[in-house]
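J.: All chains should be built: construct the whole structure from the sequences, respecting the hints.
2 protein chains.
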Amino acid sequence: MKARVTVYPRREILDPQGKAIREALARVGFEEVREVRAGKSFEIELGDLDPARAGERLREMCERLLANTVVEEYVVELEGPARS
Amino acid sequence: MKARVTVYPRREILDPQGKAIREALARVGFEEVREVRAGKSFEIELGDLDPARAGERLREMCERLLANTVVEEYVVELEGPARS
Chain A
-15 MKARVTVYPR
-5 REILDPQGKA
5 IREALARVGF
15 EEVREVRAGK
25 SFEIELGDLD
35 PARAGERLRE
45 MCERLLANTV
55 VEEYVVELEG
65 PARS
Chain B
-15 MKARVTVYPR
-5 REILDPQGKA
5 IREALARVGF
15 EEVREVRAGK
25 SFEIELGDLD
35 PARAGERLRE
45 MCERLLANTV
55 VEEYVVELEG
65 PARS
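So the sequence lines, in the order shown, correspond to chains A and B.
Sequential numbering of the first sequence, starting at -15, is according to my numbering.
Sequential numbering of the second sequence, starting at -15, is according to my numbering.
Hints listed in this document are in silico derivations from the structure and should not be mistaken for laboratory results.
Keep in mind that a hint or two might mislead.
For chains that are exact copies, the list does not tell them apart, and a pair is met inside one copy or across any two.
Each computed EDC-like pair below joins lysine to aspartate or glutamate, with the alpha-carbon atoms no more than 16 Å apart [said to hold, decoys possible]:
id, residue 1, residue 2
1, Lys24, Glu56
2, Lys(-14), Glu27
3, Lys24, Asp(-1)
4, Lys3, Glu15
5, Lys24, Glu57
6, Lys24, Glu40
T.: Here it is as structure tokens:
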């Protein structure tokens, strides 16, 4: 079972890193960029769990360790069986 | 047009951050985690571009600024029109 966890600053929290990237992109000619949110991505390979249990465990990992839920929000996406 | 860009260390490059996270997860009881890759995620809001052009511009952004292609690989995903 493979999953992707994405952690972003909460919408109501300032994202100075995203702002800096947007400005840097504009300076090198990408003026069409309106907004950038900068976050973290974790690709996680799990043992054989059923999807419901995997989702539950991944949310626990986010709450315990991967995200700071005071200032960050997370999204868990299951990507199906591990590639052999 | 909204897009997501994910940047990960190349598979052949060591990912000490991912390894540290896997070990930390195991220590707090998530022994089912086999591997973690730790990367960056950018949610990018673009002006009105057609998807082919948006994909091209996003790949240019990765090559120019968002990824260090010597040691990182990137994935561009288009997510459809901006939410109003």
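J.: Does each hint hold? Answer for all of them.
T.: Against the structure, the hints come out as follows:
In this assembly of identical chains, Lys24 and Glu56 lie within 16 Å of each other by CA distance both inside one copy and across copies; the values are 10 Å within and 14 Å between. For the homomeric pair Lys(-14) and Glu27, the shortest alpha-carbon distance inside one copy (7 Å) is at most 16 Å, but the shortest distance between copies (21 Å) is not. Proximity of Lys24 to Asp(-1) under the C-alpha cut-off of 16 Å is found in both arrangements, the shortest distances being 13 Å within a copy and 14 Å between copies. For the identical chains of this complex, Lys3 and Glu15 are intra-copy neighbours only, at 13 Å inside a copy versus 37 Å across copies, given an alpha-carbon limit of 16 Å.
In this assembly of identical chains, the alpha carbons of Lys24 and Glu57 lie at most 16 Å apart whether taken from the same copy (11 Å) or from different copies (15 Å). In the homo-oligomer, the alpha carbons of Lys24 and Glu40 never lie at most 16 Å apart, since the shortest distance is 20 Å inside one protomer and 23 Å across protomers.
Consistency note: the structure conflicts with earlier hint 6 alone.
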